[in-house]
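Student: Heads up: the sequence lines are chains A, B and C, in that order. Just so you know, we're using our numbering here: the first sequence kicks off at 1 and counts up by one. Just so you know, we're using our numbering here: the second sequence kicks off at 1001 and counts up by one. Just so you know, we're using our numbering here: the third sequence kicks off at 2001 and counts up by one.
Please keep in mind that the hints were generated in silico from the structure rather than gathered at the bench. Do not rely on the hints blindly, as some may be mistaken.
Unchecked claim - Using 25 Å as the maximum straight-line C-alpha spacing, the simulated SDA-like pairs for lysine to any residue come out as follows:
{"no.": "1", "chain 1": "C", "residue 1": "K2175", "chain 2": "B", "residue 2": "S1095"}
{"no.": "2", "chain 1": "B", "residue 1": "K1072", "chain 2": "C", "residue 2": "L2103"}
{"no.": "3", "chain 1": "A", "residue 1": "K114", "chain 2": "C", "residue 2": "L2103"}
Stated by the list, open to error - Sample of chain B residues at the chain C side, in silico, Cβ under 7 Å:
{"no.": "4", "residue": "F1014"}
{"no.": "5", "residue": "R1078"}
{"no.": "6", "residue": "G1080"}
{"no.": "7", "residue": "I1087"}
{"no.": "8", "residue": "A1102"}
{"no.": "9", "residue": "A1115"}
Said to hold, decoys possible - Sample of chain B residues lacking proximity to chain C, with all beta carbon distances greater than 12 Å (derived):
{"no.": "10", "residue": "D1067"}
{"no.": "11", "residue": "S1107"}
{"no.": "12", "residue": "P1230"}
Just so you know, even glycine gets a beta-carbon here, dropped at the ideal spot from N, CA and C.
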Amino acid sequence: MLAAQILINALVLGCLYACIAIGFSLVWGVLNVINLIHGSFIVLGAYLAWGLYQSLHISPWYSLAVAAPLFFVFGYVIQRLILNRVITAPVLVTLTLTFGLDLILNNAMIYYFKADYRKLTLTPPMGSVSIFDVVVPVDRLIATVAALALTFVLYLILRRLRVGRAIVAVRLDRDAAILMGVKVNSIYAIAFGLGAALAGCAGVLMALIFPISPLTSTAYLGKAFVVCVLGGLGSVSGALAGGILLALIEGVGSAMIGPAHATTLSFVLLIVFLILRPQGLLGRKGFE
Amino acid sequence: MSEILQLQSVSRRFGGLQALRDVSLTVNKGEVIGLIGPNGAGKTTLVNVVTAVTPATAGTVKFDGQDITRVKTYRSARLGLSRTFQIVQPFAQFSALDNVAAAALFSQPGESLKAAREEARRHLAFVGLEAQSGQQAATLTLAMRKRLELAKALAMRPKLLFLDEVNAGLNSAEVERATALIHQLAADGITIVMIEHLMKVVLNVCSRIVVLHNGQLIADGQPRDVMTNPAVIEAYLGQQYAQRIGAHG
Amino acid sequence: MTRANLILLALIACIAALPLFGGAYTLRLGTIACMYAIMALSWNVVGGFAGYPSFATAAFFGLGAYIGGVLLARGMPLAAAIPIAGVGSFLVAGLLGAALLRLRGHYFAIASLSLIEVFRELVNNATDLTGGGMGLNIPLAASAGVMADATFFFYLMWGVLLVTAVAVIAVSMSKLGFGMSCIMQNETAANMVGLNTTLYKSIAFGLSACFVGAAGGVYAAWVHYIDPSDVFDILYSVKPIVMALIGGLGSPLGVTIGAFVYLGLEEVVWRNYIQIHSGVLGVLIVLLLLFLPHGLTSLRGWRLWGRAKNV
Chain A
1 MLAAQILINA LVLGCLYACI AIGFSLVWGV LNVINLIHGS FIVLGAYLAW GLYQSLHISP
61 WYSLAVAAPL FFVFGYVIQR LILNRVITAP VLVTLTLTFG LDLILNNAMI YYFKADYRKL
121 TLTPPMGSVS IFDVVVPVDR LIATVAALAL TFVLYLILRR LRVGRAIVAV RLDRDAAILM
181 GVKVNSIYAI AFGLGAALAG CAGVLMALIF PISPLTSTAY LGKAFVVCVL GGLGSVSGAL
241 AGGILLALIE GVGSAMIGPA HATTLSFVLL IVFLILRPQG LLGRKGFE
Chain B
1001 MSEILQLQSV SRRFGGLQAL RDVSLTVNKG EVIGLIGPNG AGKTTLVNVV TAVTPATAGT
1061 VKFDGQDITR VKTYRSARLG LSRTFQIVQP FAQFSALDNV AAAALFSQPG ESLKAAREEA
1121 RRHLAFVGLE AQSGQQAATL TLAMRKRLEL AKALAMRPKL LFLDEVNAGL NSAEVERATA
1181 LIHQLAADGI TIVMIEHLMK VVLNVCSRIV VLHNGQLIAD GQPRDVMTNP AVIEAYLGQQ
1241 YAQRIGAHG
Chain C
2001 MTRANLILLA LIACIAALPL FGGAYTLRLG TIACMYAIMA LSWNVVGGFA GYPSFATAAF
2061 FGLGAYIGGV LLARGMPLAA AIPIAGVGSF LVAGLLGAAL LRLRGHYFAI ASLSLIEVFR
2121 ELVNNATDLT GGGMGLNIPL AASAGVMADA TFFFYLMWGV LLVTAVAVIA VSMSKLGFGM
2181 SCIMQNETAA NMVGLNTTLY KSIAFGLSAC FVGAAGGVYA AWVHYIDPSD VFDILYSVKP
2241 IVMALIGGLG SPLGVTIGAF VYLGLEEVVW RNYIQIHSGV LGVLIVLLLL FLPHGLTSLR
2301 GWRLWGRAKN V
């Protein structure tokens, strides 16, 4: 019974984690940039959903359609105007730059929305269903399915679309891609835009489940780190595997040593994984 | 002659690729051996296995009577195993002098930086770079960087020296100059294993030739014997040519 | 000793005269200036000399603060608690470094960043020892008045800075510093010439934690109260990097001046834009990286202070 509960919760949460991490993973894999704004993008997406619901009573499901293009453009512009200028610089510089950008965005959110926690509550509530005797709220379940769908959309983009193939090509071998006529700068911007769009959409879904506050951005970012490292970089299946694994670890860890230690456990595991298997569960070795 | 390096059934695998397969080889003190083979034969892998940059997945490597199969790279360097890289690996921001000094400093425990610089000067002079000793390594020409690499290797007071394509990319005058240096080293009694594509140089310098093909050792012996070995000719030129030469010979 | 290093020592000596000129506010600022300089100089050992992009400064600042804080709270005198905070941080970092520094680039950056999270959570959960999220009160040693206390802690922090600077200069002139520079330039080649890179990197990481840890201990004693989210603040990891980027990576004098310049900017921002200070800080960081990639040295064609030459 407990096992079933942990397992189902892990699956539900794991898909959400994958959705949180996938955009981060894409940017890291393709642009070779650790994007520290990612967490704030997610929170901003959550505020978007909250705002649209409060003011216009637009359901979060429709907000996804607003968030995706909006965040894509936002990300595209940030990459083109700012990040692209230092894209070839060492890790130190790109990482510090995205940290600076995160300070700006996060501070702006604190300024406009204040730091206190808000909650998006659907009226009427959607109730809950029971799966194998485990009670799961319906909104959480739908959010999970939507997260899975978003992840699948990225998979389709990378697999089927011309631009997706170009993104994968740049990730595998930037120089060869240039020789093949891929315009790397615009691919970088598109990939970063996609990453931002995925973060924004993930934020919309998170708004249904978790309290919203600018202070939560580092927690999202932390989850994205761990998922990427556990699952391996830059692959959709890796993010899913990493997300579910992380949720499982947290679930089992909470049950066995208490919820307070679950985060510590996941970060310790992150470091152990980095050292022993830096390519992740499903990743390929040799990528940096 | 006494043995200095012994490889026993050494294999190295990279995922699905068997880069070295069951290679056994003995190097004697004072020899100059040419290690040849087509591209991708596993020559550089062999050097990497011996210097533990990528340790062997099977088999043992003995150096001077000591098992060094799993010994860390820096340790085997201190034992007197030194190498140059096919793609030169200078400390780019250091002067030529400090590049060589680093080699002298860290290969000999207890060496002081001052003494290391003194020694470095000698080795730079030997390879003909004394005029460039203050110049930043990154700004040297390729030929100079190759000689710098050699000076670094020498500053480690090697008992056994691996030269990985020291002549690649050099013009004929530079090749001649490098060849003369190798001759001199051999005369000084340093055991040398050189990976080399220029057969002229190999035949000029080496007393013995070892041939790798697809990760396997296919010939080992006197230069004359090896060069007429059908297996070697086949490896280099393909089966058809080998048959034709065989028919003519 | 190079001219730049002499100037650095002279600069630090000048700072010692600060209590002659200012009141409590100046001393507070001076203490923070010393603390920032310690962080920048320490980060420079692993980031500037050895070339590893460490984001672990906050982890060891917090660790030192808690080692010092816990010991002080249990009645140990400052003279023992601060050195123990430093040595403890050195040992923890050295041991962790042996494992973490096998990673390179992004992976090392992430791992070092995660250390902050791990340490913070550990301290948070060790409630009996550290007070957990409630924070830790460090009782005042007999107070001799506000100004006397301010002066005392200023000199304490200054003393740690002096030790840091001397140690960092000594490292930069030694075989150790020479080896770190080799690792930064080409780790493969460094291994190949017989350099024990694992050992050198561990020492570099340990040194980068040692003085930061001691500074953390002083900080804990100075402010009398610490809590996990205060001392394990990721900003403490990013600030030294920004300082080093301002002053010029690798040069002890450069990063120290970078620390002072940064503090100046931070004060101005704090005073004028209290509500949006972190956002303005972000803008500064972005502008710095975009327009002054080599720090203040890129303002002029010539260099006021050269890169550490490891002579």
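Student: K2175 of chain C and S1095 of chain B were given as a pair; does the straight-line alpha-carbon distance stay at or below 25 Å?
Tutor: holds (16 Å)
Student: Given R1078 of chain B as an interface hint, is the shortest Cβ-Cβ distance to chain C below 7 Å?
Tutor: Holds. Min distance 5 Å.
Student: Please verify whether K114 of chain A and L2103 of chain C have alpha carbons no more than 25 Å apart.
Tutor: Answer violated: K114 of chain A to L2103 of chain C is near 39 Å, above 25 Å.
Student: Verify the interface restraint on A1102 of chain B: the C-beta must sit less than 7 Å from at least one C-beta of chain C.
Tutor: holds (5 Å)
Student: Would the non-interface assignment of D1067 of chain B survive a Cβ cutoff of 12 Å against chain C?
Tutor: About 19 Å separates D1067 of chain B from the closest Cβ of chain C, which puts it past 12 Å; holds.
Student: So, G1080 of chain B near chain C? Judge it on the closest CB pair being under 7 Å.
Tutor: Where the cut-off is 7 Å and the nearest Cβ of chain C is about 10 Å from G1080 of chain B, the hint is violated.
Student: If we take the beta carbon of P1230 of chain B, is the closest beta carbon in chain C still more than 12 Å away?
Tutor: holds (38 Å)
Student: Checking one constraint from the list: CA of K1072 of chain B to CA of L2103 of chain C, max 25 Å. Satisfied?
Tutor: This hinted pair holds, its Cα atoms lying about 17 Å apart.
Student: Is the shortest C-beta separation between F1014 of chain B and chain C less than 7 Å?
Tutor: violated (17 Å)
Student: Is it correct that the beta-carbon of S1107 of chain B has no partner in chain C closer than or equal to 12 Å?
Tutor: Since the minimum Cβ distance to chain C is about 4 Å, S1107 of chain B lies within 12 Å and the statement is violated.
Student: Given A1115 of chain B was flagged as interface, is its beta-carbon under 7 Å from a beta-carbon of chain C?
Tutor: With a closest approach of 11 Å, the A1115 of chain B hint is violated.
Student: For the hint on I1087 of chain B, does the least C-beta distance to chain C fall short of 7 Å?
Tutor: violated (10 Å)
The structure fails hints 3, 4, 6, 7, 9 and 11 (numbered hints given earlier, in ascending order).
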